[in-house]
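*Asks:* Residue-level listing of the chains:
There are 2 protein chains.
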Amino acid sequence: MQVWKDYQAENKDRFLDELLALLRIPSVSADSRYNEDTRQCAEAVKQRLQEAGADKVEVCPTAGHPIVYGEKIIDPSLPTVLVYGHYDVQPADPLELWHSGPFEPVIKDGNIYARGSADDKGQFYMHVKAFETMNKTNTLPCNIKFMIEGEEEVGSANLGIFIKDNKERLKADVVLISDTSMISLENPSIDTGLRGLAYMEVEVTGPNRDLHSGVYGGAVANPATILAKMIASLHDENNHITIPGFYDKVHNLSDADRAALNAAPFDEAEYKKDLGVDELWGEKGYSTIERTGIRPTLEVNGIWGGYTGEGSKTVLPSKAFAKISMRLVPDQDWHEISDLFAKHFEAIAPKSVKVKVTKHHGGSPYVTPTDAVAFKAAQKAIHSTFGKDPIPVRGGGSIPIVALFEKELGLKTILMGFGLDSDNLHSPNEKYGLANYYKGIETIPYFHQFFAEMSK
Amino acid sequence: MQVWKDYQAENKDRFLDELLALLRIPSVSADSRYNEDTRQCAEAVKQRLQEAGADKVEVCPTAGHPIVYGEKIIDPSLPTVLVYGHYDVQPADPLELWHSGPFEPVIKDGNIYARGSADDKGQFYMHVKAFETMNKTNTLPCNIKFMIEGEEEVGSANLGIFIKDNKERLKADVVLISDTSMISLENPSIDTGLRGLAYMEVEVTGPNRDLHSGVYGGAVANPATILAKMIASLHDENNHITIPGFYDKVHNLSDADRAALNAAPFDEAEYKKDLGVDELWGEKGYSTIERTGIRPTLEVNGIWGGYTGEGSKTVLPSKAFAKISMRLVPDQDWHEISDLFAKHFEAIAPKSVKVKVTKHHGGSPYVTPTDAVAFKAAQKAIHSTFGKDPIPVRGGGSIPIVALFEKELGLKTILMGFGLDSDNLHSPNEKYGLANYYKGIETIPYFHQFFAEMSK
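So the sequence lines, in the order shown, correspond to chains V and C.
UniProt numbering applies: residue 1 is where the first sequence begins, and numbers increase by one.
UniProt numbering applies: residue 1 is where the second sequence begins, and numbers increase by one.
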């Protein structure tokens with residue numbers, strides 16, 4: 001719509017400046033040292049929503065980081081879209097690998113470099129600006145509700161409680177989220193599913209204290225060695241996961257669905273070049289697209305034990321630790337998988353060590369119905385600004401609360417992401433394309449327009 | 001000798017205070033942040049040697065931490081004993097496990113708790129006080145030279161150069177070192193051998209940056225997982241080391257020697273209780289005494305990679321690291337073993353990762369001839385103060401430069417240690433028994449006396 005184009009053209013620079021200001025707030029939810037910044041970020045989001053024209057905007061306290069809520073109800077008889085996003089970000093370390101400060105956004109080669117630029121500040125903020133566009137031009141076609149949380153990167157532990165306590169307030173017809181990526185601006189795509197997550201931490205204890213590796217070496221189980229052996233045993237020679245029962249509930253796609261999935265553009269040479277690896281790695285019998293989309297995985301996210309400082313120390317450590325997470329697919333249940341992992345990990349521990357397994361957090365996998373009105377509206381919106389239909393793909397990441405929306409609110413979720421896999425999410429030098437940011441702001445109003453029309 | 005007894009009784013408290021003062025200096029050689037403290041510790045050692053009556057005392061600069069030299073030549077025709085020790089200490093971390101400050105010595109239950117109390121400040125300082133005893137009572141039976149270095153805990157890289165450059169100054173008949181332990185004060189023992197050491201660091205690189213474990217998990221080799229698999233493969237199901245050629249030069253003891261070795265008192269139940277483990281672990285077919293004394297070992301001293309901070313981070317790390325050291329036995333060469341390790345570790349790395357192997361440092365194993373005059377003198381000295389003959393045992397630790405003394409100076413070394421295996425060397429709450437300290441000061445003069453007499 002021309003009025004949207006004009007309004008967005010006039011306010012282009014401000015739209016960017018406001019995002020940069022948000023990116024300067026280090027709202028790292030996993031690290032309690034940033035709790036005050038995280039709270040300030042919530043206040044900033046509240047103010048931006050009010051300025052955009054939202055009503056009843058509120059920073060809702062939780063047992064953890066607060067949730068920002070706001071809404072614009074123009075006519076209760078019209079459809080309502082619930083926009084979800086998160087203002088918290090991943091930790092920035094390893095800091096030394098960043099080319100510029102993670103919280104000092106820099107624009108370079110058409111990209112915004114900053115922690116949270118793509119995940120998810122840059123993406124949820126597109127919705128705030130799209131809403132502002134429709135609101136200020138008096139073209140809002142439906143009701144909109146915003147729920148922007150601050151604990152997505154640490155498992156959204158308190159969002160579930162908030163949703164249960166606010167079912168009436170959150171009543172809507174569909175949930176709209178931009179927290180995923182598309183193949184490219186030339187090949188727009190929509191995620192039709194997400195993997196679930198089960199995040200565990202393990203502690204292996206050998207001797208009751210660090211020992212001299214010369215005096216005791218060879219006579220006492222070294223927890224680092226034992227942990228290595230245990231981790232090594234979690235994948236077999238075909239890179240299948242060896243946890244008993246792990247695959248029992250995995251829903252296998254039909255050959256037709258697999259073929260459709262593999263039809264998406266994928267350049268293995270380019271993929272390897274981008275990652276700097278000579279060879280890919282993964283579960284035997286599946287393509288890379290399948291390995292990252294429809295197959296469950298188990299990854300070591302962190303491992304540590306013994307002396308890791310400068311120089312050398314001839315110590316036989318008392319303890320070794322690892323953070324291990326599993327990505328789940330329909331119909332795996334993350335509680336069940338967490339239990340299977342814990343049971344197995346304890347079972348394979350030799351008598352010479354003690355093992356402690358802790359559940360960090362998790363979430364269930366999700367699949368979007370491609371025949372739903374909202375999905376069609378999203379397709380049409382993307383077509384109207386990209387000039388082509390989006391390719392349906394399965395996302396490898398997890399947004400645990402998507403399954404929660406369905407369970408608690410009975411709502412389907414549309415995953416209309418505008419990022420790229422190469423945006424370095426969770427990595428140093430996270431970036432988000434300026435073009436992606438503006439394209440998102442341009443596309444989102446069409447979703448609301450088409451969804452309102454097609455819902456009649 | 002009564003004069004020794006009297007002198008030591010009169011100066012008992014000062015002997016302790018002086019040691020405590022040395023222990024308050026954090027001379028951590030591995031950590032450059034302590035370089036100034038380490039230098040100050042060398043100056044303190046110099047002053048103590050001068051006060052004890054040594055001549056030509058000098059802090060000799062090296063490319064690393066300095067070496068303190070001092071001597072007392074009473075008659076060139078008499079035998080000369082070269083006393084070696086080290087004033088540097090291991091890093092103190094993990095600090096949170098110390099009951100009192102590692103550099104704030106505390107006397108509790110008859111023990112001195114402090115980093116370096118047993119390894120090696122408390123032990124080399126016994127020689128300074130034993131020398132003072134003989135010198136001040138005009139009973140010095142032979143010439144004594146002191147060489148106290150500051151890089152033993154980081155591989156004595158510069159000591160070799162110093163020895164090559166000072167062969168004349170270091171001329172002696174035997175090297176005497178107290179940097180090992182005995183079974184107990186009730187069961188005195190002398191180490192008749194030491195294991196060698198080859199200390200390596202490995203770096204495994206997967207993707208060129210940390211990745212989102214959801215977006216890429218399952219499609220790219222995780223360096224932490226690969227490192228775990230590689231480490232796991234270094235021991236087989238019998239805990240034999242799998243590096244090709246590793247055992248080729250291992251000198252196997254005769255059944256008689258093994259029997260003699262296993263005759264030493266060893267209480268497995270007590271050993272397990274002390275370490276808090278339900279089961280011991282080690283190479284099949286060998287006893288604990290053999291596993292820690294006459295068999296080579298491979299231990300992970302440290303491992304790290306990915307996110308090791310608070311909370312969770314769903315990252316697929318770019319790199320994973322490990323510090324791995326091997327204890328060597330006669331006739332393994334540490335350079336050769338280091339090369340075998342590097343070659344093997346690179347060979348077992350899958351194409352999907354890159355591996356970098358670095359040599360930290362090492363040293364050759366050593367065996368003391370039990371028929372040497374100096375060894376007999378040490379046995380007699382211990383008998384005269386403990387009332388029984390010491391049990392000959394093989395020490396599991398390494399003092400790399402012992403082999404160097406033989407090679408460069410043609411000198412045998414006597415390992416007359418007064419510590420205990422339970423002194424928490426290289427661990428939190430390192431301790432040294434007051435009784436051990438004073439017993440050492442009491443015993444050492446007898447060594448010099450008997451060595452002088454028996455050398456005639």
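Hints are computed from structural coordinates only; laboratory data are not their basis.
Wrong hints could be hidden among the right ones.
Simulated DEER-style distance windows between Cβ atoms [said to hold, decoys possible]: (1) Gly309(V) to Asp13(C): 33 to 39 Å; (2) Ala372(V) to Glu279(C): 35 to 41 Å; (3) Thr358(C) to Ala9(V): 55 to 61 Å.
All residues carry an ideal CB built from backbone N, CA and C; glycine is no exception.
*Asks:* Is the gap between the beta carbons of Thr358(C) and Ala9(V) within 55 to 61 Å?
*Replies:* Since the Cβ atoms of Thr358(C) and Ala9(V) sit about 57 Å apart, the hinted range of 55 to 61 Å holds.
*Asks:* Within 35 to 41 Å: is that where the Cβ-Cβ distance between Ala372(V) and Glu279(C) falls?
*Replies:* Roughly 58 Å apart at Cβ, these two residues miss the hinted range, so it is violated.
*Asks:* Evaluate the given range 33 to 39 Å for the C-beta pair formed by Gly309(V) and Asp13(C).
*Replies:* 37 Å, holds
Taken one by one, the earlier hints fail for this structure only at number 2.
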